[in-house]
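K.L.:
I would like the entire structure built from these sequences, with the hints used as guidance.
Going by our numbering, the sequence shown opens with residue 404, and the numbers climb by one from there.
Take the hints with a grain of salt, since some may be wrong.
Stated by the list, open to error - Quick list of the computed label-pair ranges, beta carbon to beta carbon:
id : residue 1 : residue 2 : range
1  : A541      : M455      : 38 to 46 Å
2  : D540      : L459      : 34 to 42 Å
3  : A520      : A458      : 35 to 43 Å
These are calculated hints, taken from the structure and not from any lab test.
Owing to the predicted nature of the structure, the values given are computational and were not obtained by experimental measurement.
Just so you know, even glycine gets a beta-carbon here, dropped at the ideal spot from N, CA and C.
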Amino acid sequence: MHTDLSPVIAATAQWLTRAYPASGGALAEALCEVQARQAVTVAARLRYPSPMDVALLGVAGPGGSARLDWITGADGVTPTAPDADAWRTWVDEVVASWAACLLTDPALAEPAVTALAGGGPSAGTPAEFRRLLAPDDADRRAAALLRHPDLVAPVAALHHAGLTARLDPGQALVA
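P.N.:
In structure tokens form, the structure reads like this:
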């Protein structure tokens, strides 16, 4: 994994789990977080596939969570400490949208992980993303909000077309 993606992965996964929290206690929170992190990791690796892409991300920055907060209605929440929400600047809107797509649509998750497998030894394996690809009942219960297509639809719809285009590079361009 590109270590430079770690802040984006951590912040975006945290945003997802705060926007669509688990219910059922500490174990459910951990299972929900693992699923969010796996989906965000796949999305981030697809979005920033080369070291140059990661370097450009480091220069330009990911954009933050402002639009996502507005869409989900969390934009009016005032932090208690001045720097409490500094992590939100590392949230990547496209990565969050793609991760939401992967969590709610198994038909996209499988080809996304497969696309990573062709990316070399650091790409990962389907076993690494088991909770994303083959969630069991406990995983589904823990991430019921995060995996609910209707609830995450506003976020998933933002960049769904970009994800499908990324997963189907053989599609001919139309002028």
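K.L.:
So, for every hint listed, does it hold in this structure?
P.N.:
Status of the hints after comparison with the structure:
no.: 1; hint: A541 with M455: 38 to 46 Å; in the structure: holds, 40 Å
no.: 2; hint: D540 with L459: 34 to 42 Å; in the structure: holds, 41 Å
no.: 3; hint: A520 with A458: 35 to 43 Å; in the structure: violated, 24 Å
Checked against the numbered hints above, the structure breaks only hint 3 and satisfies the rest.
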